[in-house]
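Enquirer: Sequential numbering of the sequence shown, starting at 96, is according to the working numbering.
No lab work stands behind these hints, which were simulated from the structure alone. A few of these clues could be false.
What the hints assert, rightly or not - Lysine to any residue pairs mimicking SDA-like chemistry, simulated, CA-CA at most 25 angstroms apart:
| id | residue 1 | residue 2 |
| --- | --- | --- |
| 1 | K195 | K315 |
| 2 | K289 | F302 |
| 3 | K326 | S275 |
| 4 | K316 | I259 |
| 5 | K181 | R200 |
| 6 | K297 | K238 |
| 7 | K262 | T276 |
| 8 | K262 | T298 |
| 9 | K187 | V211 |
| 10 | K190 | R230 |
| 11 | K195 | F302 |
| 12 | K187 | E293 |
| 13 | K263 | V211 |
| 14 | K297 | E214 |
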Amino acid sequence: MLFCGRYLDHVMEVSARKPGTTAAAASAKTGRPNAKDNHKQEHKHHHTQLGIDEKVEQLGKKESVEQDEEGEEETRQVKRYQLESKVENLIKQAKVASFKEICARVGVRSREEIGVVLEKLQMDAMIVQGNWVVRSGYENYSKEERRQALARTYLMCLFQRNRIIDKKQVVQILKLDYESTRRILTDLSTCVGKGKWEFRKKTDIEFIEHYPDIVKEHAKKIAELEKNMLKILAG
Numbered sequence: 096m097l098f099c100g101r102y103l104d105h106v107m108e109v110s111a112r113k114p115g116t117t118a119a120a121a122s123a124k125t126g127r128p129n130a131k132d133n134h135k136q137e138h139k140h141h142h143t144q145l146g147i148d149e150k151v152e153q154l155g156k157k158e159s160v161e162q163d164e165e166g167e168e169e170t171r172q173v174k175r176y177q178l179e180s181k182v183e184n185l186i187k188q189a190k191v192a193s194f195k196e197i198c199a200r201v202g203v204r205s206r207e208e209i210g211v212v213l214e215k216l217q218m219d220a221m222i223v224q225g226n227w228v229v230r231s232g233y234e235n236y237s238k239e240e241r242r243q244a245l246a247r248t249y250l251m252c253l254f255q256r257n258r259i260i261d262k263k264q265v266v267q268i269l270k271l272d273y274e275s276t277r278r279i280l281t282d283l284s285t286c287v288g289k290g291k292w293e294f295r296k297k298t299d300i301e302f303i304e305h306y307p308d309i310v311k312e313h314a315k316k317i318a319e320l321e322k323n324m325l326k327i328l329a330g
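Take the sequences, apply the hints, and build the full model.
Expert: This is the structure we're talking about:
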């Protein structure tokens, strides 16, 4: 009996030391995480943190790109406004100018800027003999000043059809005093003989050939405008 009891104690002791009893099992028994479990959890947490950091970095880059794009757009708008202001001031002062002159004086450097200049000119000027002539304003004018503005527009229409016009024929239609008529003629043309006035600028063939659609569009507008001006001035 004593032998059997000692044998059973020995078996139980050996069994308790069997390699099958793992650290995980021991951990489960004790309720405390072992080193391997801690490593797995740390590894998982590390990957999760990396994923969050990557997303934050991506969002930061996206926001930075959007801010850069907004900044570039604002810069473009400012430059566009500055260029438009230069064109407007130039054509008002020059009254008549070729497209090449305008681009050179406002400092055009790209195709995009050429487009901006063309858009602005079509708002503020009209094409006469391939050149740009500032439009006549009618706002806040007295009756006499308004008639002079209408007369100037009518002369622009005449010069679009013919480089040289006869002053006598114009005077009969404009019905203005001598000084007013001469001032308007001088604004757009040069006296080249007795009663003959020629448009100030040479016909800009290069512009006409390079931008035929714009020229045709303006020619139609001027033809229609001439009819209206003639009716108003004759009334």
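Enquirer: Look at each hint and say if it fits the structure.
Expert: Do the hints match the structure? See the list:
no., hint, result
1, K195 - K315, "holds, 23 angstroms"
2, K289 - F302, "violated, 31 angstroms"
3, K326 - S275, "holds, 20 angstroms"
4, K316 - I259, "holds, 21 angstroms"
5, K181 - R200, "holds, 9 angstroms"
6, K297 - K238, "violated, 33 angstroms"
7, K262 - T276, "holds, 9 angstroms"
8, K262 - T298, "holds, 20 angstroms"
9, K187 - V211, "holds, 17 angstroms"
10, K190 - R230, "holds, 9 angstroms"
11, K195 - F302, "holds, 8 angstroms"
12, K187 - E293, "holds, 21 angstroms"
13, K263 - V211, "violated, 40 angstroms"
14, K297 - E214, "holds, 23 angstroms"
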